[in-house]
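K.L.:
Sequence:
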Amino acid sequence: MIRADVAIVGAGPAGLAVAIHAARRGLSTLLFERQATPVDKACGEGLLSPGLRELEALGARAYLTEEDCSPIVGIRYLQEDGAQVEAHLPAPGGLGIRRLALADALARVAREAGVQLQENCHVRHVDRLPDQVRLTTSSGAEFSASLLVAADGLASPLRRAHGLEGPQRPGLPERFGLRQHFQLEPWTDFVEVHFARGVEAYVTPAGRQRLGVAFLWGDGQVEGRISFQSLLRRFPVLEQRLAAAPEDSRARGAGPLLRNVRGRSLDRLVLVGDAAGYVDAITGEGLTLALRSAAALGRILPEVLAQGATRSSLAPYERAAGAYFRRYAFFTHLLLTLARYPKVRTQAIRAMARFPATFKALLHWVVDG
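Heads up, the sequence shown is in our numbering, so the first residue is 73 and it goes up one at a time.
None of these hints come from the bench; they were simulated from the model. Predicted, not measured: the structure shown is a model, and the values here were computed from it.
Calculated cross-link-like contacts (lysine-lysine; reagent style DSBU-like; alpha-carbon spacing at most 35 Å):
1) 415 x 113
2) 432 x 415
3) 113 x 432
Throw the hints in and build the complete structure from the sequences for me.
P.N.:
See below:
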């Protein structure tokens, strides 16, 4: 049986970031990924200011080229009647980044730090015992660790298996996302959020010759067969801009997006990234939230292990991650309310356009508060 201090399931940005922090603190670290890395998933691919600072602190920014990412200076909201409002992000701005490039850069840093990355390795069974966690893979290999980090994504089988899945709020439509890339020089260094009835479109620069376009919508709010092209037709200006652009990836979907948790930790187990709860992608904070939470956990890992990796020893992480999440959730629920009521949203964006300083202050509070 192979033994480690920390075992992490899921080699997305959250899992990789935790692995780097753990290894740099002298902890033996195993990272399991059921697929070959890097793993591509539907993602808005926008990294806001705090997330960019975390990426630079990890040392992964150095492995990204201008083919992989684009600086983002701010956020712009646009709606059907032509009204728009925009604001610059706090320093150092943000980054639009192809998820594959981000995962590859983080994986390189993780390997340099001494992380043992187990690719194409499915963790089939977990036993959480008083003195350790035992993991069995689909090949029958056995591993043990003092702490298990579940970074296994939005649907998180580990969250569900260990009773941390939270109840869903009744009465809210389930939300879904669909993303695709195009070979096209970005026309803006802002992330653009375009609103139409029942659906939003997000345009993110993600390289010198790449744009990511993502749609978000609620179940029952879009009639007919849903496809990338059917959603794009709801945004004539975008459709025209993309008409001659070659596709740079295939369309990938995600959802339902809302995931509640009862808590983010138990004895010998902690949730990170999307596994630790998610509201919606409408604010584009998923990657930033993942990297900030990974750093909060990484800072305390030696002390957590010294105290037996109990739930109480993980309380500082619970507090930090909870604070990040509450701020994200507040603004996200606010935008979701506007998205569900187009008339209210129209008036709100018009009002913010008349008072852009208010929008800037709100954006800075949400992003860097």
